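A.B. asks: As a plain string of letters, each chain reads:
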Amino acid sequence: MKRFYRPGQLPGPGIIPHALIALVQLTAVACGGDAPTGPGDAARPDLYVLNSTGQTVAAFSVGSVLAPLGAPVDLGPGFDGDAVDVASGLAVATVSSFGGSLVVLVDLTDGTVRTATFPQPEGDQANPSSPSVDDAGTIWVGGRGSDAVYRLDPGSTIAERVAGNVGTFVERVVPVGNRLYAIDANIDDDGSTFQPLGPGRILVLSRDGFQESLIELPAGAFNPTDAIAMSGHLLVIAAGTFDPGTFEPLGNGALVRIRLSDGVVTSIRSLNGNAISLEAGDDGKAYVTTTTDFATTSVLRYDPVEDDLERGPGDPIDVKDAAGTSVDCWTATALSDGRVVCVTFSFAEAGRLVLSDSDGGFLDEATSGFGSTDLALP
Amino acid sequence: MRHVFRTRRSRRHAGGPAEKVAPAGSQAIACAVLIFLAAPEVRAQVTVAETASVELSIHSAGGERLTGGQVKVEGVAPDPNMPDSSWTVPLPLDGTPLRITLTRGTWYRLVASAPGHASRTVDLPAGRIPRALRLVLPVDPYRLPPIRAVSGGTDLEPVARSASQVRFDTQSLTYAYVGEWLRDLPGVTVRRRGGGGRQVVSIRGSRPEDVLVLLDGVPLNDPVTGRADLSVIPTSTLHSATLLRGAASTSLGSGAGAGALLLTSRRVTGTGGGLGLRLESLGGRGLDMEAGTVGRAGRVGMTLSVSEAENEYDFVNSILPGSPVEKRRNADFRSVNSTVTAGVGALRGSVRFDASERGVPGRMGTSLYDSARAEDRAWTTFAGLETSRARTSASWRHHTLMYRDNELVTGSSQQVDEFRLAANMRTGGRVPVTVGARLTRETVRGDGIEGSPGRTVVGLQIASALSAGDFRIDPALAMDVSDGVTAISPQIGLTWAANPSTRVWGRAGRGFRLPTFGDLYFASQYLVRANPDVSPERIVLDAELGAAGSWKIGGARLEGETALWARRTEDPIVWLASAVAVWSPRNLEHLDSRGLEVALGLAAPEAHFGWRIQVAGTLERNRVGFGSNRNALPYQPAATARLTVQAWRRGTGGRVDLRHTGARTTSVAGTRRLDPFTTVDVSLSQSLGRAGVGLSFLARIENPLHQRYELIELFPEPGRRLVLRFEGRKTRE
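For the record, the sequence lines run as chains Z and Y. Numbered per our numbering, the first sequence spans residues 1 to 378. Numbered per our numbering, the second sequence spans residues 1001 to 1733.
Read the hints as simulated data drawn from the structure, not as lab findings. Accuracy of the hints is not assured; some may be wrong.
To be verified - Mimicking SDA-like on lysine to any residue, the simulated pairs with C-alpha atoms at most 25 angstroms apart in a straight line are:
| id | chain 1 | residue 1 | chain 2 | residue 2 |
| --- | --- | --- | --- | --- |
| 1 | Y | Lys1327 | Z | Glu216 |
| 2 | Y | Lys1327 | Z | Gly137 |
| 3 | Y | Lys1327 | Z | Thr115 |
| 4 | Y | Lys1327 | Y | Leu1279 |
| 5 | Y | Lys1552 | Y | Ile1613 |
Quick caveat: nothing in here was measured; it's all calculated off a predicted structure.
Let's have the full structure, built from the sequences with the hints guiding it.
C.D. replies: Below, the structure written as structure tokens:
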């Protein structure tokens, strides 16, 4: 659901010279069209894909094959985000401060799109994290720029700040019962080095925003970027760090398991790579993608109940396409029967939505759209 | 009959070359020649007794003495039964007044014309021949003066290609910035990120980095991005601009893959000075000064231009709930530009300073860049020697670019030094050959660049022109070498001069563009990587087929030009994201562009009352990609069109422009398009001449219907805009 890249830091003027942004935006190239829209039918979507470059959310049914359902929903020209969450009939994404700090809500019943803003004074500088939608439809967002936690009721147009001074860089807010788990990357964003200030932290808040406790991640768990609640545990990926000189990944990502009942860290697993994304599969397993070179990726599978990294960095799931070529998945998850679905990111051509068996053997493939960065199981 | 041979005699006195004479008819000529030869005594007698000379000087509305035109002298016989006579006399190239000898008692009509200007007609009734006559021609933006931009080009090349030229010293009122001229040209698009933003140009469906922009021979293209910002150069500091459509690497080297824009600094044309004032909506203000002197020792002059604009305007923020109306901020702009030029004989030199400071606002909806600022400073020096057979120039530019994104981050800066040396020499003989050489040295250092990389490019060029009847072939070949990379750029052009006013041409050539320093040496940053292995992109074919002509239709003149073009670029350099969104440049397979340009004008350029209607448009298709993927280039409209209606009466003129820009994709993903838009501009101008001072005034309302549109998505353009420009000049050659 989330990766260690921060949308506000995607090659924007805040990071690289403005001229390069113009260069990239005016000359970056992709090919083909967006995901073709399939024949509209009454099938229930099994999967949603967020196309960051294409600025759409596309629905797919997953039977024995992948089939697009209807036309992708247009998120508008201002969309600039890379994560989506789906629950309670809503697909929710956020727009970084580069695009004005917005929450984008898609009503999945009719495809209407609404936006919500953040309260002043931070307003468009809130730089929201990936969103989380709880069972009641309430949306929870961290403010990476404002170091705050927000809630948004689906009918509202302005998010409500429920907590401030929450760490240094809130990457995710995970609602579990009456508690909120705010994932603090604990990095230097104010100085724009984005280097870790120490291991990541998790602030445990009440739904009203009062801090109840603080969970310190173990040494070596740097730069946590995402978390999910599964099987009574909170799973956190520490994306790892990069060389401050060459900006090459250092391969020190980790997967941390925290028992929700008492907040104790029960395990930490080295990923031998930098983590990109973490998804909860319908098969009860967690799926992590990693990279060691910023070019190729690996898909790992973790059993949170058994605390077992079933397909670890030494034995990743090698997702294949029809030609038998390995597919570099930006993010991956699994259906209830264990089949794996993953999407690829490409700016030069439409991304790929690949369906494979639990070991990565090819089953089917469809075009997912331009710049696919997330998928969500409803 | 006596009247006829008097007139012929007078024509000889005028000194026009025989081939320039426009006969009244073959029968009349034969008759006149016979009588002329048979009665020399009579001829001498009447010439002495009944002629008078008029000293004629032709000036532009801005006061400059025109040298490239002609005067058609029509003798209107007092007896309607007598045949008319007429002849044409070119204006002296050295700028001296034209002396025409006329016959007393004959009614004459003089039609003065000069490229770049509307013609003017003056009647001289019988018995009223003045000793001196000064004619001021209104500026005609649609007819181009016969000038050549210098530095690195070849005299032979522009024959077989589509090119446009303008002299800003006579048209700085109409075009205060280069972009204002470029948007009138077919095959050219100009875009920017909202009001006050940097301005880049695209030729024939190119990316801006495939257009080489030379100012006094030195590239304006930023070596880091490959793009030239045209917004920082006011035309009050420029002499001319020449736009070459199509690949021009054969004569200009790397970067001219899709075309080139050649700018020259203001030259001294006489002793005197000028003052210009610009007032525009959105806080736009500008002051232009010019002074020069010409003496026996040489000529020296200077220009100074100061400009600023606030560029705060309302826009609808379409991405926020309720689409509120907001005010665009931090788009202000300030610039200072100055030139000093001097010349002695064939030697010429200039030094210019260009500085600008501006806000760099983000797209609508974010305040993230409300304090982002950019500053550019550049010193450009130029020295050139031009003779009829040889030409050489040396240019150097030191450019400092600074950017500060907000208060929290230390600003970054880069320093760029560019040196360019070019020389051309043309041999005589029946087959002229131009041999040329060029050397370019670029270095860059500063934040964001690894080390202090530099690059030297050496190029050799040979070109010729072979004529056979109405046909001319222009073959050319160039070779450029840099760091182990060798680029061969052949070109051949074929021109058929069907008649003096109609030509058809075809051209095919190759070109190349070396990677920018940003491509090769950008310091690694978070999610950004340079690629030292990226290869030069190669224009393997750039071809065009064009035709241009001019025809008289009744009392009007029809002028037209069209060109069909195609270009294939292999290994185009494109910044792409990796599978995990790390950006770096790489070579894709192909970039294909093709299109059609058309410009058609109908005009009745009379002095007392004239009018002109012009239609210009471009259709183009660009696809870039690899394998089976082909996508349109973002922000390149598939169609653009312009309709201009212009009329004038003496020094008063009016002009209406209707401009249409077709739909454009906003990214290579092609999933989103900007709507087409059409705008109207209305302008009025007045030119006066009093006591040797030329006064001109322009008032223009741009987009009076307040159309709202975006050239770049989420960067709103201002709506209605008022432009007032005043210029006064007093120049004595």
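A.B. asks: Run every hint past the structure and note whether it holds.
C.D. replies: Each hint tested on the structure:
1. As the CA atoms of Y/Lys1327 and Z/Glu216 are separated by approximately 45 angstroms, the hinted pair breaks the 25 angstroms bound.
2. Taking the CA atoms of Y/Lys1327 and Z/Gly137, the gap is near 35 angstroms; set against the 25 angstroms cutoff, the hint is violated.
3. The suggested pairing of Y/Lys1327 with Z/Thr115 holds, with an alpha-carbon distance near 20 angstroms, which does not exceed 25 angstroms.
4. Taking the CA atoms of Y/Lys1327 and Y/Leu1279, the gap is near 21 angstroms; set against the 25 angstroms cutoff, the hint holds.
5. Annotation: proposed proximity of Y/Lys1552 to Y/Ile1613 holds, straight-line Cα distance about 15 angstroms (limit 25 angstroms).
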